[in-house]
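105 is the number of the first residue of the sequence shown in the numbering used here; add one for each residue after it.
Wrong hints could be hidden among the right ones.
Lysine to any residue pairs mimicking SDA-like chemistry, simulated, CA-CA at most 25 Å apart [to be verified]:
hint, residue 1, residue 2
1, K243, V165
2, K226, E148
3, K241, K197
4, K230, C253
5, K241, M131
6, K230, Y161
7, K226, A249
Using C-beta positions, here's what the derived DEER-type ranges look like [what the hints assert, rightly or not]:
hint, residue 1, residue 2, range
8, W177, M124, 32 to 38 Å
9, K123, K201, 33 to 39 Å
10, S173, K195, 32 to 38 Å
11, I127, D223, 55 to 61 Å
12, M131, T160, 37 to 43 Å
13, D178, A145, 41 to 47 Å
Just so you know, the hints here were simulated from the structure itself, not pulled from any lab data. The C-beta atom is built at its ideal place from N, Cα and C for all residues, glycine as well.
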Amino acid sequence: WACGVDWRARLMPIYLERKMKRIAVMMAAVVAASVHAAVPASLERSLAGFERQELTYKDGVLRMVMNRSVVQWDVFSTVTTLGLCAPYWRKEKDLVKFSPRRFEVVNARQAQGFALAEDIAKGCAKVGKQGGAEYLKSKTWVCIAGMPCRERRAGEAL
């Protein structure tokens, strides 16, 4: 090389640094894509017919945002039994290892709704038995004023 400078030795750290940055960006994209893809396809299909704006799964909570201004108890009950639990009752293969600890259904502003606060696979098995509506009521939390969902207080109606 001219002037006795080995340019390859000088440029190699810069090349490696750029390559590592590219790998980090690609890994972040893969992780971001896997977070969205965490909801099994059978559950996506089952919940698709319920005026859904979005369906997310994060930190063990499956959250469905509905295109409604208010989510009533009967809507939550229908979505839970027909949309959420039906694939579990059919024993869909992609749900074998997917069991969120809570299922939330909230309105379009994400300010009001209800949550099934139990391991979903176990809760759906109990809802499917006789008297399941009463069991569902006993395990339902409320989501009010954009705050995190909480247990119902004594005397608080659904």
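Do the hints match the structure? See the list:
1. K243 to V165: holds, 15 Å
2. K226 to E148: Holds - the C-alpha atoms of E148 and K226 are around 19 Å apart, at most 25 Å.
3. K241 to K197: violated, 28 Å
4. K230 to C253: holds, 22 Å
5. K241 to M131: violated, 42 Å
6. K230 to Y161: holds, 22 Å
7. K226 to A249: violated, 29 Å
8. W177 to M124: 32 to 38 Å: Since W177 and M124 have Cβ atoms about 53 Å apart, the given range 32 to 38 Å is violated.
9. K123 to K201: 33 to 39 Å: Holds, at about 35 Å.
10. S173 to K195: 32 to 38 Å: Once the Cβ atoms are compared, 36 Å apart, the range 32 to 38 Å for K195 and S173 holds.
11. I127 to D223: 55 to 61 Å: With Cβ atoms ~37 Å apart, the hint is violated.
12. M131 to T160: 37 to 43 Å: Violated - the Cβ-Cβ distance for M131 and T160, about 21 Å, lies outside 37 to 43 Å.
13. D178 to A145: 41 to 47 Å: violated, 27 Å
Taken one by one, the earlier hints fail for this structure at numbers 3, 5, 7, 8, 11, 12 and 13, listed in ascending order.
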